[in-house]
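Peer 1: Residue strings, one per chain:
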Amino acid sequence: MPVKPVLLFAYGNESRGDDALAPLLLGNIQQKCLSCVAGHPLKFLKDYQMQIEHVMDLQNCERVLLIDADSSLDKAFHFYPVTASAESLYTTHGMSPGTLLHTFRKVLKQKPPLTSMLAIQGINFNLGENLSEPAQRNLQLATEFLISLLVSDDFRNWDEKIF
Amino acid sequence: MTRICIDPISRVEGHGKITLQQNKQQVITQARLHIAEFRGFEKFIQGRPYWEVPVLVQRLCGICPVSHHLAAAKAGDMLVGAKQLTPTAEKMRRLMHFGQVLQSHALHFFHLSSPDLLFGYDDEVRHRNIVGVIQDFPDLAKQGVLLRKYGQEVIRITSGKRIHGTGAIPGGINKCLTTDDRDFLLKDIDQIVEWGVSAVGIFKKIFYEHADYHQQFARIESNMVSLVRADGALELYDGGLRVRSADNRLLFDHQNTNNYLDLINEHVESWSYMKFPFLKSLGVEKGWYRVGPLARMNNCDFISTPLAQQERQEFMKLNNGLPVQFTLAYHWARLIELLHCAESIRELLPDTDLLSGELTVKGDMQQTGIGVIEAPRGTLFHHYEINEEGLVTKANLIVSTTHNNQAMNESIRHVANQYISGNEITEPLLNQLEVAVRAYDPCLSCATHALGQMPLEVNLLDENGLILDKKIKSSNYAG
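Read top to bottom, the protein sequences are chains A and B. Under my numbering, the first residue of the first sequence carries the number 8, and numbering increases by one thereafter. Under my numbering, the first residue of the second sequence carries the number 10, and numbering increases by one thereafter.
Note that these hints are calculated values from the structure, not bench results. Owing to the predicted nature of the structure, the values given are computational and were not obtained by experimental measurement. It is possible that some hints are incorrect.
For lysine-lysine, the following BS3-like pairs were computed, each having C-alpha atoms within a straight-line distance of at most 30 Å [as the list claims (entries may be wrong)]:
hint, chain 1, residue 1, chain 2, residue 2
1, B, K52, B, K92
2, A, K50, B, K170
3, A, K39, B, K170
4, B, K196, A, K113
5, B, K52, A, K53
6, A, K116, B, K196
7, A, K118, B, K196
8, B, K184, B, K371
9, A, K53, B, K184
10, A, K53, A, K118
11, B, K158, A, K118
When you get a sec, could you build the whole thing from the sequences and use the hints?
Peer 2: As structure tokens, this is what we get:
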């Protein structure tokens, strides 16, 4: 039986200021040439937004790490488990992490993979602007954190650590 | 005078706000949809080399990046003097575009409009959303996921990547299909067509159950603008501009898109970042128009694929062959187009031109490039001027949401007058305003989406701008 991959899924628009945080973080990880975690190959995915069809990307994954910019944080980043939830939401074309897992369970009639969220504080999301200075610092901190998580070779940190 | 603000709109992209102005008789005299996100398009592109533009502009919008990619590539064709693409290049681009429209329309129907349609517009907001659809109609939700996924696969295969694709370049394309790619897409296409038929059927069933409501809701009479093929067929990728008046006169037909500035002008309002395009010949007051699926369905003479054509014939009977003007018909037209795209992909895939052939052509460099395409939400104009070094010195983009600007305001005003109760924003009014805007599927933010944004805020202001009442519906998530 093939070893299931761990999916790192970063979403955001690299040309809209701090919305680039997640894809930039993914790029940092790819540059480190990390290829597996706890014996599971790493799989990388970038997109502009989280959409309904991403349930298909989660299929057959051991674990999933979602990465996004977050304008509501009061710290550099936040790492936490995501659970399936049928949120009563006013939404855009995109989806929330919890709703994506809920959709996975309902549509594919399977238990979704264990999923964590790494949200990075962003401030400015204007078209054509670079990362803000605070976001640059946050990116650095989040990159260091994620590398430490990936090289620890143990999923216990994923479940126990909440930053 | 009382002013009512609704800020921002949910289930449409980004940050929108509605301001309603009411006179002493509590009649809504003015409706304004404010969109803050349309700043900076042109500035973003200026100074860039023209050959980078088709890739760069995809970042303008995370919802329809392929439309910008193709419109910019078409403008690039003109810049490099490519008057006629090779059959391989044109068919590959068309395939990419059909995939794009298919996935976009699928997302709109299953994610955004089906909750309203399936549960009714009075259903609780808590339930009337995609989660409710997944809960109550899991098979339908699965179709939505897989239709969308299929369209994305067409894009990935034709453009080379899921995002930031490079498939279309000035003068042609940079790759064709492999037989494996083609066979992969052929494998599921019959199912996709079948689901397309089913989606139109679902809408029709719902429509006929409440035909009066659907025909009166947010109904406005407008001019219609779209591309059509030389023989009058529905055309999404190329063609001439056709303009039909609200009273069904052809004002312009088969107009060369390079001359769009002869037909269309834009005016600005101090309260909005978004411009207001209008037909020059009719002036600002009467020259506003609609674009998108409804305009395309009304403007074309027929659809080239049989199942979609059959559906269009039924659609056009709604107003005895005259233009269908009710706003919720956008949904119906959108689904007919979804079916057309599925059929077109099925027709196109066996074509061996997709597998081999010349990829590019070039001619004499030009300094002006104009590319026009029918994006999922409507006609999209890209217009560039470049200097001797090939750097963009001027860019003008008219996106479909801008074309529909005045029409959306008119629909909002119509709905507000129908549902306003005193000087309060009630839940039903709020719902109906959203339904009206959503019919146009505006793309307001073009992909800004961070966590934590976008509560639904409702402000009631008096004539001096003081807030009389304020409601905020927090969102757990913004998209």
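Peer 1: Each hint: holds or not?
Peer 2: Evaluated hints:
Note on B/K52 and B/K92: the hinted pairing holds, with a Cα-Cα distance of about 28 Å set against a maximum of 30 Å. About 15 Å separates the Cα atoms of A/K50 and B/K170, which keeps this hinted pair within 30 Å; it holds. For the hint linking A/K39 to B/K170, the alpha-carbon distance of about 22 Å falls within 30 Å, and the restraint holds. Between the alpha carbons of B/K196 and A/K113 the distance comes to roughly 25 Å, so the proposed pair stays at or under 30 Å and holds.
Straight-line distance between C-alpha atoms of B/K52 and A/K53 comes to about 26 Å, which keeps the hinted pair within the 30 Å bound. Straight-line distance between C-alpha atoms of A/K116 and B/K196 comes to about 23 Å, which keeps the hinted pair within the 30 Å bound. Between the alpha carbons of A/K118 and B/K196 the distance comes to roughly 27 Å, so the proposed pair stays at or under 30 Å and holds. Between the alpha carbons of B/K184 and B/K371 the distance comes to roughly 16 Å, so the proposed pair stays at or under 30 Å and holds.
Restraint check: the Cα-Cα separation between A/K53 and B/K184 comes to about 22 Å, which is no more than 30 Å; the hinted pair holds. The hinted pair formed by A/K53 and A/K118 meets the criterion: a straight-line CA distance of about 23 Å does not exceed 30 Å. For the proposed pair B/K158 and A/K118, the alpha carbon gap of about 20 Å is at most 30 Å, so the pair holds.
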